[in-house]
Amino acid sequence: MKKIKVGIAGLGRLGKVHANNIAYKIPNAELTAACSIVPAELEYAKANLGVTDVYTDFREMLQKADIDAVAIVTTSSEHCWQIEAALDAGKHVFSDKPLGVDVEQCKIAEKAVERHPDLTFMLGFMRRYDKSYAYAKKKIEEGAIGTPYMVKATGIDPEAHVDGAIKFAATSGGIFLDMAIHDIDLMRWFLGCEATEVYAQGCTFKHPEFQKVGDDETAVACYKFENGALGFVHVGRTAPHGYHVETEIIGTEGSIRISAVPEKNQAMIYNANGAVTECVGSFPERFDEAYLLEMQEFIDCVCEGKQPGVNVYDGTKSTAIGYATTEAWKTGKIVKIG
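Positions in the sequence shown are counted from 1; adding 20 to them yields the working numbering.
Hint data in this document are derived by calculation from the structure and do not stem from the laboratory. Beta carbons: idealized from backbone N, C-alpha and C, even for Gly. Just so you know, not all the hints are guaranteed correct.
BS3-like, lysine-lysine: derived pairs with alpha carbons at most 25 Å apart [what the hints assert, rightly or not]:
no., residue 1, residue 2
1, 45, 22
2, 350, 25
3, 117, 187
4, 232, 353
5, 117, 25
6, 45, 127
7, 244, 232
8, 187, 172
9, 353, 151
10, 117, 127
11, 337, 326
12, 326, 158
13, 117, 244
14, 117, 356
15, 151, 356
16, 131, 158
17, 356, 187
18, 151, 131
19, 284, 127
20, 284, 353
21, 84, 244
22, 131, 187
23, 187, 23
24, 23, 326
25, 337, 172
26, 337, 151
27, 187, 159
28, 158, 22
29, 66, 23
30, 151, 187
31, 45, 337
For each label pair, taking beta carbons as the anchor points, the in silico distance ranges come out as [said to hold, decoys possible]:
no., residue 1, residue 2, range
32, 294, 274, 45 to 53 Å
33, 72, 297, 24 to 32 Å
34, 272, 86, 50 to 58 Å
35, 296, 274, 45 to 53 Å
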């Protein structure tokens with residue numbers, strides 16, 4: 021079996037998830053190089069991943085490392101130039117979301133992908149690879165709920181991690197760009213069309229540190245789609261019970277609800293607190309299998325010379341919608357998307 025040699029850029033919390041999947045869980049992949057500007061992350065690569073070919077400069081890794089492909093899991097603002105550099109260096113590219121921090125950056129990545137149609141590019145909208153979401157998409161395509169006309173999405177980070185959210189709030193791009201990109205992508209995917217306008221509002225009741233830097237701890241948005249369908253997104257950072265991601269797709273003949281209770285597993289604890297279902301505590305835990313499946317898809321596409329279902333244009337469209345949502349939130353006005 022031919023193994024695709026992969027270099028990873030970025031070994032933060034999600035980077036470690038992808039790196040371990042490549043190194044130990046994907047038979048036709050081999051992690052041969054790592055790049056980070058954080059010394060501790062490079063030490064992690066050596067000690068935990070068996071990678072000795074490490075770099076602090078991304079372009080140097082592209083030039084010197086023995087790699088066929090690159091997994092980019094760096095800060096969002098770095099994604100597009102790194103995508104361009106890697107493709108121009110002849111490497112297949114997997115990039116975590118978002119594609120870029122503005123539409124202009126996304127266009128740079130689009131042009132790079134278009135210059136290299138022989139190379140595989142994939143964007144990490146991993147929720148499409150979660151078995152529950154993939155099942156919902158299949159049932160919609162089979163007509164199980166008739167014509168879908170509304171998507172309601174909730175994504176709330178746990179209160180236990182709020183200090184980290186506060187720390188990065190000033191540079192996150194705002195709550196919608198920071199937290200709603202996956203939900204925006206899923207609305208487009210489930211409804212099969214594009215959003216045309218958005219209205220959004222936010223509030224802060226518990227952690228005023230967010231508003232001090234122009235952000236909010238909770239926000240909602242309402243979308244109108246080109247076929248008349250509706251989308252609602254509720255994002256937040258203070259779930260007391262754990263990591264809460266919930267999606268409902270409503271159609272003319274029924275509905276599908278995913279993760280109404282963010283269960284850790286199927287166990288129920290009966291004690292002095294009543295009948296208790298423990299909840300997942302973080303996104304790596306909730307979407308552990310989805311991260312593995314999306315990276316396996318990327319490696320398989322590289323081996324077979326194919327392109328995956330999630331492409332560069334999905335990234336640009338989601339970023340554009342995210343920016344329009346942020347404008348609506350900041351101005352309190354309905355914003356046209358297009």
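These are the hints, each one checked on the structure:
no.: 1; hint: 45 x 22; in the structure: 15 Å, holds
no.: 2; hint: 350 x 25; in the structure: 44 Å, violated
no.: 3; hint: 117 x 187; in the structure: 20 Å, holds
no.: 4; hint: 232 x 353; in the structure: 22 Å, holds
no.: 5; hint: 117 x 25; in the structure: 22 Å, holds
no.: 6; hint: 45 x 127; in the structure: 33 Å, violated
no.: 7; hint: 244 x 232; in the structure: 31 Å, violated
no.: 8; hint: 187 x 172; in the structure: 29 Å, violated
no.: 9; hint: 353 x 151; in the structure: 37 Å, violated
no.: 10; hint: 117 x 127; in the structure: 15 Å, holds
no.: 11; hint: 337 x 326; in the structure: 22 Å, holds
no.: 12; hint: 326 x 158; in the structure: 22 Å, holds
no.: 13; hint: 117 x 244; in the structure: 23 Å, holds
no.: 14; hint: 117 x 356; in the structure: 23 Å, holds
no.: 15; hint: 151 x 356; in the structure: 33 Å, violated
no.: 16; hint: 131 x 158; in the structure: 32 Å, violated
no.: 17; hint: 356 x 187; in the structure: 32 Å, violated
no.: 18; hint: 151 x 131; in the structure: 32 Å, violated
no.: 19; hint: 284 x 127; in the structure: 39 Å, violated
no.: 20; hint: 284 x 353; in the structure: 39 Å, violated
no.: 21; hint: 84 x 244; in the structure: 48 Å, violated
no.: 22; hint: 131 x 187; in the structure: 34 Å, violated
no.: 23; hint: 187 x 23; in the structure: 39 Å, violated
no.: 24; hint: 23 x 326; in the structure: 16 Å, holds
no.: 25; hint: 337 x 172; in the structure: 19 Å, holds
no.: 26; hint: 337 x 151; in the structure: 24 Å, holds
no.: 27; hint: 187 x 159; in the structure: 41 Å, violated
no.: 28; hint: 158 x 22; in the structure: 32 Å, violated
no.: 29; hint: 66 x 23; in the structure: 20 Å, holds
no.: 30; hint: 151 x 187; in the structure: 33 Å, violated
no.: 31; hint: 45 x 337; in the structure: 32 Å, violated
no.: 32; hint: 294 x 274: 45 to 53 Å; in the structure: 31 Å, violated
no.: 33; hint: 72 x 297: 24 to 32 Å; in the structure: 44 Å, violated
no.: 34; hint: 272 x 86: 50 to 58 Å; in the structure: 54 Å, holds
no.: 35; hint: 296 x 274: 45 to 53 Å; in the structure: 30 Å, violated
Violated hints, in rising order: 2, 6, 7, 8, 9, 15, 16, 17, 18, 19, 20, 21, 22, 23, 27, 28, 30, 31, 32, 33, 35; the structure is consistent with all others.
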